[in-house]
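Peer 1: For reference, the chains in residue letters:
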Amino acid sequence: MESKIRKICERYEADRCFLVPILQDVQQALNYLPRAALEQVGVELGIPLSRVYEVATFYRAFSLQPRGRTHLSLCTGTACHVRGAPLVREHLERRLGIRAGETTPDLAYTFETVNCLGACALGPILTVNGEYHGHITMAKADKILKKMEKGVETDEQD
Amino acid sequence: MNRIDSPAALQTLRDEIRSARDPERPCITICAGSGCLAYGTRDLVDHFREEIGRHGLEGLVELRTSGCHGFCERGPMAVIDPQRIYYQRIGLEDAREIIEKTILGGEIIDRLLYEDPLTGQRIVRVDDVPFYKKQLRVVFGGNGTIDPEKIEDYIGIGGYEALAKVLSAMKPEEVVRQVGEAGLRGRGGGGFPAGRKWAATRQAAGSPKYVICNADEGDPGAYMDRSLLEGNPHSVLEGMIIGAYAVGAGLGYVYVRNEYPLAVRNISQAVGKARECGLLGADILGSGFGFDVLITRGGGAFVCGESSALFASIEGRAGEPRAKYVHATDKGLFDRPTCLNNVETWANVPLIIRNGVSWYRNIGTAGSKGTKIFSLVGKINNTGLVEVPMGTTLREIIFDIGGGIPGGRRFKAVQTGGPSGGCIPEQFLDMAVDFDALTEIGSMMGSGGMIVMDERTCMVDVAKYFLRFLEEESCGKCTPCREGILQMRRILDRITEGEGKMDDLETLTWMGAAIKDGALCALGQSAPNPVLTTLRYFREEYEAHIRDKRCPAGVCKALISYVVDSEACTGCHVCARVCPSGAVEGEKKEVHRIDAAICIRCGACYEACKFDAIKII
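Listed in order, the protein sequences are those of chains Y and A.
Just so we're aligned: 148 in numbering that gives the first Met the number 0 is position 149 of the first sequence, and the numbers increase by one with no gaps anywhere.
Just so we're aligned: 305 in numbering that gives the first Met the number 0 is position 306 of the second sequence, and the numbers increase by one with no gaps anywhere.
Chain A on its own, in the form it takes in the complex:
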């Protein structure tokens, strides 16, 4: 593509792109996010291409692969325009039928429509599907409509318009002021006001200055940043360029997890395209302002999501955090003033500039403006990425959008904030979610992971899971984190093995407080949260493990037994076949029995039994 050398040229190009699009021409947009690709979407795209060719429809039907549509549970999926038909769980063999019936015949294929589990009704239009209907997809919306590899797609939906406005008509101070007034808070975890960070970097002495996009999305169960980088990388870049102009930076870095190969590829490609078009590099849009971006891949260390550890990693060192007596805005990367924001935060910036501060302030709560993307995962019917205004209640997110808990099981808790967050019990389901409300009840927003847990999830086991995670990921620099987490985990090991003492609960509480006070960085300071919140809200579960030597959820191996329900057992012998320890006794066609002394509680029989005859007690 040619270099775009002025805001006017950009507008002309946008008009051309828009007028070249025939809104009536059929377009099949297939989700090609990482989740759908794992379902085999690439083959599906090939099938569609083949079918389009076979029917001589090239040029008449557009086939587009886009980023993640968010409803990962239902992949592979496609939206067919102009009717906005939503097909889900599409098999390879369905491609032909879709072309013949829907594209050529205008007929809806009932089988591929989403069925509302509440009403049993099949829904045709994507926007009517409850999962989408109740969302407000302003940041994430572009994902479903553009091909991330095509910069013209992004320009077509208004991309780089905000940048043009900033470079041609706004002073850097004005940009900082608008971001501050909008009330944008960091989406990566802490929720620090972005405007203050930007202002501090702008005012800091020293040069060069840097902007950094933190895409080291380490919270397990959170993947919105990956989806944005994969599906709409230019929106993140545009935010960074605007930020660089505002704070006075000439170079930026995107620090992205190496576990996200597609995100690495798409953002790298976007940077290349942007350079080609003159949206990165010297003299952007003829404004005289120059800025470039480098991509750095992480090395698989969770702690590198912490800003000072991230700087160390970019500098080519081990990612150990340092004490923050001096802020990154004064001395960050290479000891220079640095403005670091997370992927989603950067992607919010162009929207604020383009739509205005008051538009943005109208969305959200008093203390948290705008929307937030949550990744709704775990024991939930509609796994996926959900964007809602700040202040939406947990109940709306989990039940109205998420469709509730599978198998008719009971909701127990939702875990937010990753390893730094906490487990929120049922009593808070009607709480309006924003940064401050979550902190108040002992959890935190984090990057927006929401892991739903049901009655079969053991809260002591979950707490132990996070401690083990953090124990492995602790960089080892400060003692409270390195040793404290280890000791807390050992206590939880004891409790889950039935060897706990009631005193342990007090010990966990004061140790948690000590680690919070004493650890060097946010990883350590927030590490006790999963234990402290489960102790606070699910104390009876800890007590059941300690006093009654019982795991109510049936998870902790030392405290459970697998038994055969003699009424349900058909004697099919499958359990005996899969048992690795030879613990299942009984002849074929007779009721089986599990010898608890030999059983290693691996769960193989439970998984294999088709008659629900294995019970956990």
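Isolated chain Y (complex conformation):
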């Protein structure tokens, strides 16, 4: 982890102005932002941990908790909202047993909402590990989950 973080910081010439993109890259490399990573970024950039923590907790994009293997993100922009996204959101919360913004205890899923993906013609939209699924309904969401669960099982058999 240490060398990964150092490399990322070097890429931005350890310029503290790039704290946000640096943390984005670190999160991408590590899946989330563990405390040790925040500490190291602070040291590399010469800023106190409190500053790093402030930024890491201010922006929605950052997670200080480990995130699930499958990342579900439901667009709740206005267009998706009026086309029924709230019902899909509640349905997924019920199915996964977690609230939006949380991760299942077995780290299988993280379920989040996003303000707007700007693909309103396809609304409501659910992204699964970055892949778009348009015109999502409760039934479609179920199908996706079923597929994911099967996929997970076969992975484990392998």
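Don't read these hints as lab results, they were simulated from the structure.
Don't be surprised by glycine CBs; every beta carbon is placed ideally from N, CA and C.
Take the hints with a grain of salt, since some may be wrong.
What the hints assert, rightly or not - Here are the simulated distance ranges between beta carbons:
#1 A:Glu106 / Y:Gly100: 46 to 56 Å
#2 Y:Arg98 / A:Gln426: 33 to 43 Å
#3 A:Ser18 / Y:Gly129: 35 to 45 Å
#4 Y:Arg98 / A:Arg88: 28 to 38 Å
Said to hold, decoys possible - Partner residues aside, some chain Y positions facing chain A, computed with beta carbon under 8 Å:
#5 Arg15
#6 Cys16
#7 Val54
#8 Arg59
#9 Thr77
#10 Ala78
#11 Leu86
#12 His90
#13 Arg93
#14 Ala118
#15 Leu121
#16 Tyr131
#17 Met137
Using the hints provided, position chain A relative to the given structure of chain Y.
Peer 2: Here is chain A on its own, set in the frame of chain Y:
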């Protein structure tokens, strides 16, 4: 590509690019905007490439992927030149047929044409499709014809011509004057005159100076900035370089939402290409003027679209706004004079320089010049991006271009301006849309989102939606915004749960006024707008929730029940299967019944019923 070291060299290159193009050679331009990519356009492009290869047409047929064509509802789509044939909702298997029939056989495939829902007529040419025909696509026009990854495509359609003109023949003051005279107003929300901002930055003491492109497009339902960055990034860059020359800046930033990966990629690539060609960096086009651009990705905070919060974010801090006793044009980024404009505003600049001030002033209304790109979304037939002259009426946009409301439902309202804007009722459909008209009726232009709502949209729920959005996105620095929005939202929660009091409406009104007066930045100051406009125009809906304990649109859970229409129910049992709470009773082939005491109003039965037998009352 080689460095272009003078305006003359640029012109030579443009002539070469143009003469190398055979206008008669067939060209398939496929929309590869984010929307169409989500439909699976990448695979479609592969299929086309394969088919072109299989028929030995390499070099004879050009295959081009472009940015967003705007008609997102109809993707995946392609335009076939030189005939300008418009094919929409193209499936993977259609690629072969298009190559064989249309490209080789000159035959039109009826099935893939757009059918005008009003006349039932199938339309061949893209320019005849009503959605496009009634638009004036001057800023957005390049999107459909160029490959955003190819700088030569942009140069070919006149790109960087304005920059060459500015650097070789205009003083910075003259550029500022022209932008001011053109009447260009900021497309990001406030509509502040760009010329005044530029002049103030130019005159401000202090250096270095910065220009910033605000691409933190946070208004839900608005995606024109993303489409411009994805589809025509060089037009935005060209605007920024001209702006930098005019105000005297040496460095610029593009602050772009991280939720837009393709936009980040395309603008980054464009910056790289521009540097390679000497259009960014030192001594641009041999003029002695130097300027460079850095890309910063946002962190998913809506408030960072506010200028001072955006500066804080670029500086590597939490994006909290500050009071603006001192303007950004004097002390902005790193406390230096900064000229910040939105993506669409920057993209307008080259057009003004190239076509002239009077050309630009001829488009639009007295107070709002030029065109505006709107994203027409929600309960609308033709979802997409629409560019029209300022002053076009809502009716023309929603009905003539947007094709009206799906399912024969009735128009109820159109929401403009995102969380800062308001809901506009039917009575204003014939209003000519510009900055001032929208403000006058309590809404605002914002970045151009237009979310259409029908009779099944609850206006109290929409107001609550925006408050919840803003409550989450409030940075928490000032009390009126942090606490006020929360309290207003709690009142709306009560109303939608059937526990509201008539007094609540007065409370909402004065609280809204207090937040407007007291909040620190535009996010807070405009936060009450969705509530205040719905109160003003849809008061009877609030009253129905409070007095009659009824949600007329059938949305608010506490006030609705799902029931089975015994005439329509076939007893197929699907509703009982999907019901998560076991609330549906009844044997197969018999009329079902929903037990209201157990029903959690999740809507699963309503969604699953194929016979329209579940009703919301």
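Peer 1: Compare the structure with each hint and give your call.
Peer 2: Hints, verified against the model:
About 53 Å separates the C-beta atoms of Glu106 of chain A and Gly100 of chain Y, a value consistent with the hinted range of 46 to 56 Å. Distance hint for Arg98 of chain Y and Gln426 of chain A: a CB-CB separation of about 40 Å, consistent with the stated range 33 to 43 Å. In this structure the hint that Ser18 of chain A and Gly129 of chain Y lie 35 to 45 Å apart at CB holds, the actual value being about 42 Å. For Arg98 of chain Y and Arg88 of chain A, the Cβ-Cβ distance of about 37 Å falls inside the hinted range of 28 to 38 Å, so the restraint holds.
Interface restraint check: Arg15 of chain Y against chain A, minimum CB-CB distance 5 Å, threshold 8 Å, status holds. Evaluation of the Cys16 of chain Y hint against chain A yields a held restraint, the C-beta minimum of about 5 Å falling below 8 Å. Using the Cβ-Cβ criterion of 8 Å, the hint placing Val54 of chain Y at the interface with chain A is satisfied: the shortest such distance is roughly 6 Å. Annotation: Arg59 of chain Y was flagged as interfacial toward chain A, and the flag holds, the nearest CB pair being 4 Å apart, inside 8 Å.
With its C-beta approaching chain A no nearer than about 4 Å, Thr77 of chain Y sits inside the 8 Å limit, and its interface hint holds. Among the interface hints, the one on Ala78 of chain Y holds; its C-beta lies about 4 Å from the nearest C-beta in chain A, closer than the 8 Å criterion. Because the closest C-beta pair between Leu86 of chain Y and chain A is about 5 Å apart, less than 8 Å, the hint holds. Evaluation of the His90 of chain Y hint against chain A yields a held restraint, the C-beta minimum of about 6 Å falling below 8 Å.
A hinted interface residue such as Arg93 of chain Y counts as satisfied when its beta carbon comes closer than 8 Å to some beta carbon of chain A; here the least separation is about 6 Å, so the hint holds. Interface hint at Ala118 of chain Y: satisfied, since its Cβ lies 5 Å from the closest Cβ of chain A, which is below the 8 Å cut-off. Checking Leu121 of chain Y against chain A by beta carbon gives a least distance of about 6 Å; that is within 8 Å, so the hint holds. For the restraint placing Tyr131 of chain Y at the interface with chain A, the shortest Cβ-Cβ distance is roughly 4 Å, inside the 8 Å limit, so the hint holds.
Given the 8 Å rule on beta carbons, the hint for Met137 of chain Y holds: about 5 Å separates it from the nearest Cβ of chain A.
The structure meets every hint from the earlier list without exception.
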